[in-house]
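The lines below spell out each chain.
Protein chains: 2
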Amino acid sequence: MQGILYGIGIGPGDPELMTLKAVRLIKEADLIALPQQGATKEITALEIVKQAVDLTDKPLLFLPMPMTKDEQVLNSSHDQAAELICTQLQQGKNICFLTLGDPSIYSTYIYVHNRVLAAGHKAQLIAGITSFCAVAARLNSGLVEREQMLHVIPGTYNSEDFSYLDLPGTKVIMKSGKSIGKLRDELYKRGLHMQSGMVECCGMKNERVYPTLENIDENSNYFSLVVVKERMV
Amino acid sequence: MQGILYGIGIGPGDPELMTLKAVRLIKEADLIALPQQGATKEITALEIVKQAVDLTDKPLLFLPMPMTKDEQVLNSSHDQAAELICTQLQQGKNICFLTLGDPSIYSTYIYVHNRVLAAGHKAQLIAGITSFCAVAARLNSGLVEREQMLHVIPGTYNSEDFSYLDLPGTKVIMKSGKSIGKLRDELYKRGLHMQSGMVECCGMKNERVYPTLENIDENSNYFSLVVVKERMV
Numbered sequence: 001m002q003g004i005l006y007g008i009g010i011g012p013g014d015p016e017l018m019t020l021k022a023v024r025l026i027k028e029a030d031l032i033a034l035p036q037q038g039a040t041k042e043i044t045a046l047e048i049v050k051q052a053v054d055l056t057d058k059p060l061l062f063l064p065m066p067m068t069k070d071e072q073v074l075n076s077s078h079d080q081a082a083e084l085i086c087t088q089l090q091q092g093k094n095i096c097f098l099t100l101g102d103p104s105i106y107s108t109y110i111y112v113h114n115r116v117l118a119a120g121h122k123a124q125l126i127a128g129i130t131s132f133c134a135v136a137a138r139l140n141s142g143l144v145e146r147e148q149m150l151h152v153i154p155g156t157y158n159s160e161d162f163s164y165l166d167l168p169g170t171k172v173i174m175k176s177g178k179s180i181g182k183l184r185d186e187l188y189k190r191g192l193h194m195q196s197g198m199v200e201c202c203g204m205k206n207e208r209v210y211p212t213l214e215n216i217d218e219n220s221n222y223f224s225l226v227v228v229k230e231r232m233v
Numbered sequence: 001m002q003g004i005l006y007g008i009g010i011g012p013g014d015p016e017l018m019t020l021k022a023v024r025l026i027k028e029a030d031l032i033a034l035p036q037q038g039a040t041k042e043i044t045a046l047e048i049v050k051q052a053v054d055l056t057d058k059p060l061l062f063l064p065m066p067m068t069k070d071e072q073v074l075n076s077s078h079d080q081a082a083e084l085i086c087t088q089l090q091q092g093k094n095i096c097f098l099t100l101g102d103p104s105i106y107s108t109y110i111y112v113h114n115r116v117l118a119a120g121h122k123a124q125l126i127a128g129i130t131s132f133c134a135v136a137a138r139l140n141s142g143l144v145e146r147e148q149m150l151h152v153i154p155g156t157y158n159s160e161d162f163s164y165l166d167l168p169g170t171k172v173i174m175k176s177g178k179s180i181g182k183l184r185d186e187l188y189k190r191g192l193h194m195q196s197g198m199v200e201c202c203g204m205k206n207e208r209v210y211p212t213l214e215n216i217d218e219n220s221n222y223f224s225l226v227v228v229k230e231r232m233v
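Protein chains in written order, with my numbering: chain L, 1 to 233; chain G, 1 to 233.
Isolated chain L (complex conformation) (with noise of 0.2 Å):
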């Protein structure tokens, strides 16, 4: 019988915040892949979860997936590392392939995902706590009530152009990463600076939050998260 592939969402970073189904599929899996994206956050998915499951004895399997906007070598990678696990799946382990967040917002899995349904295998979603939700529990406040919509922006992708803050609604710039200063500057032309706040690396040992975007620090984590309001909720 062919294996069955789980892409786990293991969520931002506090291990309490693993989902039953997360911890009980980790526990059954006879196989954990995990994407090699250089060292840091590798050992972040890895030590998550080992707060909360045994892994010892617990086979791993390392995919290089490189972190680049190079099509072609995002591609090579992605066909590799889902061809590594058909190969698992064909001789019958159950695989769960550790996720930061949810597997179906921004995730690296979904690439593996998707090919390895392409092939016929089967391949299941498995929800996780998103970042945003996670940052909106650590600055204690709502992100959105009755009308109001729900942007989240990839910020690494709208470093330039911030006319998203034009949207109604309540804004969500996730790993803002390098350009997080330009979006300070651009929140402080647009009298927002006061009604945003800001987490970096929620749930983890170098957690830093900020009520408010006065007093950020420019060369702020990959992982940092911007929560901009229309109104207080």
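Think of the hints as simulated: they come from the structure by calculation, not from any bench. Fair warning: this is a prediction, and the values are worked out from it, not measured in the lab. It is possible that some hints are incorrect.
Unchecked claim - Output of the computed footprint for chain G on chain L, the stretches with three or more beta carbons under 8 Å from beta carbons of chain G:
1) 6-15
2) 44-54
3) 141-155
What the hints assert, rightly or not - BS3-like, lysine-lysine: derived pairs with alpha carbons at most 27 Å apart:
4) L:122 x G:205
5) G:205 x G:178
6) G:229 x G:189
7) L:50 x G:27
8) G:93 x G:182
9) L:205 x L:189
10) G:178 x G:122
11) L:229 x G:175
12) L:69 x L:175
13) G:122 x G:182
14) L:178 x L:229
15) L:58 x L:27
16) L:50 x L:178
17) G:175 x G:122
18) L:175 x G:229
19) L:69 x L:189
20) L:229 x L:58
21) L:122 x G:229
22) L:27 x G:27
23) G:205 x G:50
24) G:122 x L:205
25) G:205 x G:189
26) L:69 x G:229
27) G:50 x L:27
28) L:69 x L:50
29) G:93 x L:229
30) G:50 x G:27
31) G:58 x G:69
32) L:178 x L:122
33) L:50 x L:205
34) L:50 x L:93
35) L:229 x G:122
36) G:27 x G:93
37) L:27 x L:122
38) L:229 x G:229
The C-beta atom is built at its ideal place from N, Cα and C for all residues, glycine as well.
Assemble chain G onto chain L, guided by the hints.
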């Protein structure tokens, strides 16, 4: 010592999608609070939690919170709910307020949260799995990747004006309920019906999955969620 109020996101329906933190806090709680919004919803939240945590001998506090758009009725019910909670917090009770999905996204809990904080008590949000992440998992398909934006639209407030469908990226329309027929017609008109999916009562016993919007039920449940993709992810 004063108690703490926890706004617990219990996820969309599947009890296994509760987080380890939600389960622990509910087990430790002195009191479980939940909104009484008509028989169905009240039972829903309890039924979900009961499958993961033993609630025998756990005191329950039902808070009358009518589902209406009448501001005055809403404010008054939120004031009363917050007062009832504050009285219990003053007696040193730790309280878990159960809320479907995540407490920062269109939850009834947030109004009580803000009032309890304003009254000088401690209150914390505990992130939960959002309905749209669970729906993406059920449709077995990603929501956004790379440069795509994600727009979350409260359906009941946008049942006539569909201009949000012009926004670039993926659209998630929550709780379309009665206006699902109009939304479907609009998606047909725009040629988007085949790249849209819907899940009714995700994770619940009466769940129904529609991979496209071709054959949807006009009388779909309040808990229906529609995903509209810009292009196939």
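Verification of the hints:
Remark: the region 6-15 of chain L is confirmed as covered by chain G, as 4 of its residues place a Cβ nearer than 8 Å to a Cβ of that chain, reaching the required three. For the region 44-54 of chain L, the stated coverage by chain G is not satisfied: 1 residues place a CB nearer than 8 Å to a CB of that chain, which falls below the threshold of 3. Counting residues of the region 141-155 of chain L whose CB falls under 8 Å from any CB of chain G gives 14; the rule of at least 3 is met. Annotation: proposed proximity of residue 122 (chain L) to residue 205 (chain G) holds, straight-line Cα distance about 23 Å (limit 27 Å).
Taking the CA atoms of residue 205 (chain G) and residue 178 (chain G), the gap is about 21 Å. The hint holds against a cut of 27 Å. For the suggested pair residue 229 (chain G) and residue 189 (chain G), the alpha carbons sit about 15 Å apart, so the restraint of at most 27 Å is met. Of the supplied pair hints, the one linking residue 50 (chain L) and residue 27 (chain G) holds, its CA atoms being roughly 23 Å apart against a limit of 27 Å. Restraint check for residue 93 (chain G) and residue 182 (chain G): the C-alpha separation of about 47 Å exceeds 27 Å, so the hint is violated.
Of the pairs offered as hints, the one joining residue 205 (chain L) and residue 189 (chain L) is violated, with about 33 Å between alpha carbons and a cut-off of 27 Å exceeded. A C-alpha spacing of about 38 Å is found between residue 178 (chain G) and residue 122 (chain G), which places the hinted pair above 27 Å, so the restraint is violated. Using a Cα cut-off of 27 Å, the hinted pair residue 229 (chain L) and residue 175 (chain G) holds, with the two alpha carbons roughly 22 Å apart. At roughly 15 Å between alpha-carbon atoms, residue 69 (chain L) and residue 175 (chain L) fall within 27 Å of each other, so this suggested pair holds.
Only pairs whose Cα atoms come within 27 Å are accepted, and residue 122 (chain G) paired with residue 182 (chain G) is rejected, the gap being roughly 43 Å. Distance restraint check for residue 178 (chain L) and residue 229 (chain L): the Cα-Cα separation of roughly 22 Å lies within the 27 Å cut-off, and the hinted pair is therefore satisfied. Simply put, residue 58 (chain L) and residue 27 (chain L) have alpha-carbon atoms about 9 Å apart, close enough for the 27 Å limit, and the pair holds. With a C-alpha separation of about 30 Å, the suggested pair residue 50 (chain L) and residue 178 (chain L) falls outside the 27 Å cut-off, and the hint is violated.
The straight-line distance between the Cα atoms of residue 175 (chain G) and residue 122 (chain G) is roughly 31 Å, outside the 27 Å bound, and the hint therefore fails. The straight-line distance between the Cα atoms of residue 175 (chain L) and residue 229 (chain G) is roughly 22 Å, inside the 27 Å bound, and the hint therefore holds. Among the hinted pairs, residue 69 (chain L) with residue 189 (chain L) is inconsistent with the structure: their alpha-carbon atoms are about 30 Å apart, more than 27 Å. Using a Cα cut-off of 27 Å, the hinted pair residue 229 (chain L) and residue 58 (chain L) is violated, with the two alpha carbons roughly 44 Å apart.
The straight-line distance between the Cα atoms of residue 122 (chain L) and residue 229 (chain G) is roughly 23 Å, inside the 27 Å bound, and the hint therefore holds. A C-alpha spacing of about 23 Å is found between residue 27 (chain L) and residue 27 (chain G), which places the hinted pair at or below 27 Å, so the restraint holds. Taken as a hint, the residue 205 (chain G) and residue 50 (chain G) pair is honoured in the structure, with Cα atoms around 15 Å apart against an allowance of 27 Å. A threshold of 27 Å between alpha carbons decides the hint, and for residue 122 (chain G) with residue 205 (chain L) the separation of about 23 Å falls inside it, so the pair holds.
Among the hinted pairs, residue 205 (chain G) with residue 189 (chain G) is inconsistent with the structure: their alpha-carbon atoms are about 33 Å apart, more than 27 Å. Annotation: proposed proximity of residue 69 (chain L) to residue 229 (chain G) holds, straight-line Cα distance about 22 Å (limit 27 Å). Annotation: proposed proximity of residue 50 (chain G) to residue 27 (chain L) holds, straight-line Cα distance about 23 Å (limit 27 Å). Restraint check: the Cα-Cα separation between residue 69 (chain L) and residue 50 (chain L) comes to about 30 Å, which exceeds 27 Å; the hinted pair is violated.
At most 27 Å may separate the alpha-carbon atoms for a hinted pair to count; residue 93 (chain G) and residue 229 (chain L) exceed this at roughly 32 Å. Between the alpha carbons of residue 50 (chain G) and residue 27 (chain G) the distance comes to roughly 11 Å, so the proposed pair stays at or under 27 Å and holds. Simply put, residue 58 (chain G) and residue 69 (chain G) have alpha-carbon atoms about 32 Å apart, too far for the 27 Å limit, and the pair is violated. For the hint linking residue 178 (chain L) to residue 122 (chain L), the alpha-carbon distance of about 38 Å lies beyond 27 Å, and the restraint is violated.
Of the pairs offered as hints, the one joining residue 50 (chain L) and residue 205 (chain L) holds, with about 15 Å between alpha carbons and a cut-off of 27 Å not exceeded. Distance check on the hinted pair: residue 50 (chain L) and residue 93 (chain L) sit about 21 Å apart at the alpha-carbon level, within 27 Å; holds. Restraint check for residue 229 (chain L) and residue 122 (chain G): the C-alpha separation of about 23 Å stays at or below 27 Å, so the hint holds. Of the pairs offered as hints, the one joining residue 27 (chain G) and residue 93 (chain G) holds, with about 13 Å between alpha carbons and a cut-off of 27 Å not exceeded.
Between the alpha carbons of residue 27 (chain L) and residue 122 (chain L) the distance comes to roughly 19 Å, so the proposed pair stays at or under 27 Å and holds. Distance hint between residue 229 (chain L) and residue 229 (chain G) is fulfilled; the C-alpha atoms sit about 25 Å from each other, no more than 27 Å.
In terms of the numbered hints stated before, the structure departs from hints 2, 8, 9, 10, 13, 16, 17, 19, 20, 25, 28, 29, 31, 32, listed from lowest to highest.
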